[in-house]
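If you're matching them up, the sequences are chains G and U in order.
Going by the working numbering, the first sequence wraps up at 305, each residue one higher than the last.
Going by the working numbering, the second sequence wraps up at 1311, each residue one higher than the last.
Some hints here could point you the wrong way.
[As the list claims (entries may be wrong)] Just some of the chain U residues that point at chain G, by a computed CB distance under 7 Å: (1) L1020; (2) P1046; (3) M1156; (4) P1245; (5) G1249.
[Unchecked claim] Simulated restraints, written as ranges between beta carbons of each label pair: (6) U:E1052 with G:I117: 45 to 55 Å; (7) G:T191 with U:A1075: 44 to 54 Å; (8) G:I49 with U:L1062: 40 to 50 Å; (9) G:L187 with U:D1208: 42 to 52 Å; (10) G:E128 with U:E1052: 38 to 48 Å; (11) G:I117 with U:I1237: 27 to 37 Å; (12) G:I117 with U:E1203: 30 to 40 Å; (13) G:P70 with U:I1295: 46 to 56 Å.
[Stated by the list, open to error] To spell it out: a stretch of chain U is covered by chain G in this simulated footprint if at least three of its residues, at any positions, have a beta carbon under 8 Å from a beta carbon of chain G; those stretches are: (14) 1063-1072; (15) 1106-1117; (16) 1289-1298.
Rather than coming from a laboratory, the hints here were simulated on the basis of the structure.
From the three backbone atoms N, C-alpha and C, an ideal C-beta is built for every residue, glycine too.
The lines below spell out each chain.
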Amino acid sequence: MAVSPAKEQVAEAPRALHGPRRSLLRTIWINRQGIVGAGLVLFFAVMAIFAPWIATDPPGKIDLFYVLSPPSWSNAEEGSGLLGTDNFGRDIWSRIVHGSRISLAVGAAAVAIGLSIGVPMGLIAGFEGRILDDVITRIADVQQSIPFLVLLIVLFAFLGGGLLNVILFLGISSWYGSMRLVRGETLSAKTRGYVRAAEALGASRIRIMFQHLFPNVTAPIIVGASLGFGGMILTEAAFSFLGFGVDPRTATWGRMLADARDDILTDFGPSLYPGLAIVMVVLGANLFGDWLRDRLDPRLRGRRN
Amino acid sequence: MAWFLARRVAQGAFALVGVLTLVFFLIQVSGDPASFFVQIEPDKTPEELQAEYQAIRKKLGLDQPIFVQYGKFVAEALRGDFGTSFRLGLPASQAVLERLPRSLQLGAAAVFIAVVVGLPLGVFAALRRGSLLDSVSTAGAIAGLTIPNFWMALMMIYLLSVQFKLLPPTGSEGFKALIMPAVTQSVNLMAVIARMGRSGMLEVLGQDYIRTARAKGVQEPQVITKHALRNAAISLITVTVSSLPGLIGTVVITEVIFRWPGIGSMLFQSVGSRDFPVVLFCTFMLSAVTIATFIFMDILYALVDPRIRYS
């Protein structure tokens, strides 16, 4: 699905251009992957922004009279929420709505931090070369060769989680991805005419890197960011599930699944819905990222780590 | 080649020392384990509690300056001695190594499943491009990369253990208990292999030498296994290796969910109970296994692809 629609696009593009008029429906159909992906992410973004208005209850409200009650659509019993309640009688729908804030915030902020380290490092390593390149790629090699998730578990357990720590550590754990991308692009871009021209005009190295090279490597960065976003959300959920990371009293999707785990023998709903939320938003980000890659950079098509 | 390997080993050793040093100092800032071991009873006076606390600190060597402790730790770790587990009372290395076979068993089963299922899926998807099998395999690969594996584990427990009562929900005895943890652990890698297998094969199948092989009358199965697959293998090994640290991280999650008695669940428990020698040795083992596999894979590259020469 990721690769084949793009191939179709390439084949169909000329025909569409020569046709009488490219209809709106056709455009939508060709870009369905991106539209569905962006739609899913936007859905959760709206949910996160307007969480207090969309949620029917405060996320932490405990109601022991309605422990593990079924969803209201299956049972008109009063007091049970849209998706039922969990083992403390908390409303699952409201907790999912509020959990979207954590997931999206961690995903976006961690990606941003990873990029803000990785992009300058990649530009420097690619453009300056020699010792700086050696040092930067060597550090990345070393970091890549250790199981960083394991290290993160120790970090979270001993330094304590908290939203800021989670964002910071996840961001740092991913910087080398964008560094390698940007370094590779820079290496190939710096032999081109425009860099030599800028050099000849006396532009400073910093100016060449950020004014001339950077705009030319943005496409793969954007693609990498939207694919990395989903990965960050998955990792955050996994840590919350283990009980590390964000404060356990906060409603996060991973935490909800951990709470639901002990009741899976009797009640399935609490284990189902938060997982579906994770799948939907990550799927959205991945579909969008794949689509974007096919659009922005045909050379990258089919390559995916 | 020898020079290259020496450099890789040195780099790996450097990474290991870095990890251990980081974890060692993290432990120091995280609080005092001695306070966990003081038995608080109502008839003890505060002075008695204090004396007991100091005695425990002395016994664990925590009363010395941090750099002395670090020096001692390094010296002893070089001899393979990571200290005695606070909780279990036996050497940390022994306690962890006892559990290593179970983690290796889980990891090997997972990689086996991932390759045996993922590779044919990817290869046949490429050979029958655009077919139903292709769509199913591609959609499956996307699902495998999207679904959080701890959630998939929960869903499997619900379906296979609760609803149909086919497999035990947790535990580690017997072959049946291995199935769900191994499948959980294999999903990500399986998806990656299927995906890369497909795109790698598609790329290779369009090459001239494939056409040449077919033209000179080589049988189709031979074309695929000998000519195509071998050339696609290099990118497969690359993605397998680069997803390895992530896989070793998810071992912890898988083992915790299924209460699998491996190193991952041990790390989880010892982190919770502040059993520092065990934490140190677990991180050491998990990192060492990852680094060793990286180096092993570098050698494998050269064996699979005769064009690769390390200088």
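A quick look at each hint next to the structure:
Contact between L1020 (chain U) and chain G, as hinted, is not supported at the beta carbon level, the nearest pair being about 10 Å apart and thus beyond 7 Å. For the restraint placing P1046 (chain U) at the interface with chain G, the shortest Cβ-Cβ distance is roughly 28 Å, beyond the 7 Å limit, so the hint is violated. The interface hint given for M1156 (chain U) is violated, since its Cβ lies 11 Å from the closest Cβ of chain G, which is over the 7 Å cut-off. A distance limit of 7 Å between C-beta atoms decides the matter here; for P1245 (chain U) the minimum to chain G is near 4 Å, and the interface restraint holds.
With its C-beta approaching chain G no nearer than about 2 Å, G1249 (chain U) sits inside the 7 Å limit, and its interface hint holds. At about 46 Å, the beta-carbon gap between E1052 (chain U) and I117 (chain G) stays in the expected band of 45 to 55 Å. Between T191 (chain G) and A1075 (chain U) the beta carbon distance is about 51 Å. The supplied range of 44 to 54 Å therefore holds. Distance hint for I49 (chain G) and L1062 (chain U): a CB-CB separation of about 48 Å, consistent with the stated range 40 to 50 Å.
Checked against the given bound of 42 to 52 Å, the beta carbons of L187 (chain G) and D1208 (chain U), roughly 28 Å apart, lie outside it. The hinted range of 38 to 48 Å is not satisfied by E128 (chain G) and E1052 (chain U), whose Cβ atoms lie roughly 58 Å apart. At about 29 Å, the beta-carbon gap between I117 (chain G) and I1237 (chain U) stays in the expected band of 27 to 37 Å. With their beta carbons about 32 Å apart, I117 (chain G) and E1203 (chain U) fall inside the hinted range of 30 to 40 Å.
For the pair P70 (chain G) and I1295 (chain U), the beta carbons lie near 54 Å from each other, so the given range of 46 to 56 Å is met. With a cut-off of 8 Å between beta carbons, the stretch 1063-1072 of chain U has 0 residues touching chain G; three or more are needed, and the interface restraint is violated. Residue count for the stretch 1106-1117 of chain U with a Cβ under 8 Å from a Cβ of chain G: 0. That is fewer than the three needed, and the coverage hint is violated. Interface restraint, the stretch 1289-1298 of chain U with chain G: holds (3 residues with C-beta to C-beta distance below 8 Å; minimum three).
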